[in-house]
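Asks: Sequence:
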Amino acid sequence: TCVVSILDERAGEGGRYHEEVMCALPSCKMAKDIKDIQHFIRNRKGVEYYL
3 TCVVSILDER
13 AGEGGRYHEE
23 VMCALPSCKM
33 AKDIKDIQHF
43 IRNRKGVEYY
53 L
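Going by our numbering, the letters in the sequence shown line up with residues 3 to 53, in that order.
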(Lines of atoms letter the chains of each structure in order from A; the text may use other names.)
(Lines give C-alpha, C1' and ligand atoms only; values in the text may rest on other atoms or scores of the structure.)
Protein backbone atom coordinates (compact mmCIF):
# COMPACT_ATOMS: atom_id res chain seq x y z
CA THR A 3 0.00 0.00 0.00
CA CYS A 4 1.47 3.31 -1.01
CA VAL A 5 0.55 6.96 -1.33
CA VAL A 6 2.95 9.31 -3.10
CA SER A 7 2.62 13.02 -2.43
CA ILE A 8 4.23 15.64 -4.62
CA LEU A 9 4.03 18.91 -2.73
CA ASP A 10 5.65 21.26 -5.22
CA GLU A 11 2.81 23.45 -6.51
CA ARG A 12 4.57 23.72 -9.88
CA ALA A 13 3.72 20.04 -10.40
CA GLY A 14 0.00 20.59 -9.82
CA GLU A 15 -2.61 20.82 -12.56
CA GLY A 16 -1.78 23.81 -14.73
CA GLY A 17 1.65 24.07 -13.13
CA ARG A 18 4.91 24.52 -14.97
CA TYR A 19 6.13 20.94 -14.36
CA HIS A 20 2.81 19.07 -14.32
CA GLU A 21 3.30 17.20 -17.60
CA GLU A 22 6.89 16.21 -16.81
CA VAL A 23 5.91 14.85 -13.40
CA MET A 24 2.93 12.94 -14.79
CA CYS A 25 5.08 11.37 -17.51
CA ALA A 26 7.64 10.27 -14.90
CA LEU A 27 5.05 8.40 -12.81
CA PRO A 28 3.31 5.11 -13.59
CA SER A 29 -0.37 5.33 -14.48
CA CYS A 30 -2.37 5.61 -11.26
CA LYS A 31 -5.35 7.27 -9.61
CA MET A 32 -4.92 10.81 -8.32
CA ALA A 33 -6.50 11.94 -5.07
CA LYS A 34 -8.29 15.27 -5.00
CA ASP A 35 -8.39 15.58 -1.21
CA ILE A 36 -7.50 13.81 2.04
CA LYS A 37 -10.80 11.88 2.03
CA ASP A 38 -9.71 10.10 -1.16
CA ILE A 39 -6.53 9.00 0.61
CA GLN A 40 -8.39 7.87 3.74
CA HIS A 41 -10.75 5.82 1.58
CA PHE A 42 -7.84 4.25 -0.32
CA ILE A 43 -5.99 3.22 2.86
CA ARG A 44 -9.09 1.98 4.72
CA ASN A 45 -10.09 -0.22 1.78
CA ARG A 46 -6.71 -1.97 1.86
CA LYS A 47 -5.86 -2.29 5.55
CA GLY A 48 -8.04 -3.75 8.28
CA VAL A 49 -8.55 -2.00 11.62
CA GLU A 50 -6.19 -4.50 13.30
CA TYR A 51 -3.32 -3.21 11.14
CA TYR A 52 -3.37 0.09 13.05
CA LEU A 53 -3.46 -1.40 16.57
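There may be inaccurate statements among the hints.
[As the list claims (entries may be wrong)] Within a straight-line C-alpha distance of at most 35 Å, the following computed DSBU-like cross-link-like pairs (lysine-lysine) qualify:
#1 Lys47 / Lys31
#2 Lys47 / Lys37
#3 Lys34 / Lys47
No wet-lab data here; the hints were simulated from the structure.
Asks: Need the status of pair Lys47, Lys31: alpha-carbon distance at most 35 Å?
Replies: Answer holds: Lys47 to Lys31 is near 18 Å, not above 35 Å.
Asks: With the threshold set at 35 Å, check whether the alpha-carbon distance from Lys47 to Lys37 stays at or below it.
Replies: holds (15 Å)
Asks: For a C-alpha distance cap of 35 Å, please report whether Lys34 and Lys47 respect it.
Replies: Holds, at roughly 21 Å.
Going through the hint list in order, the structure satisfies each hint without exception.
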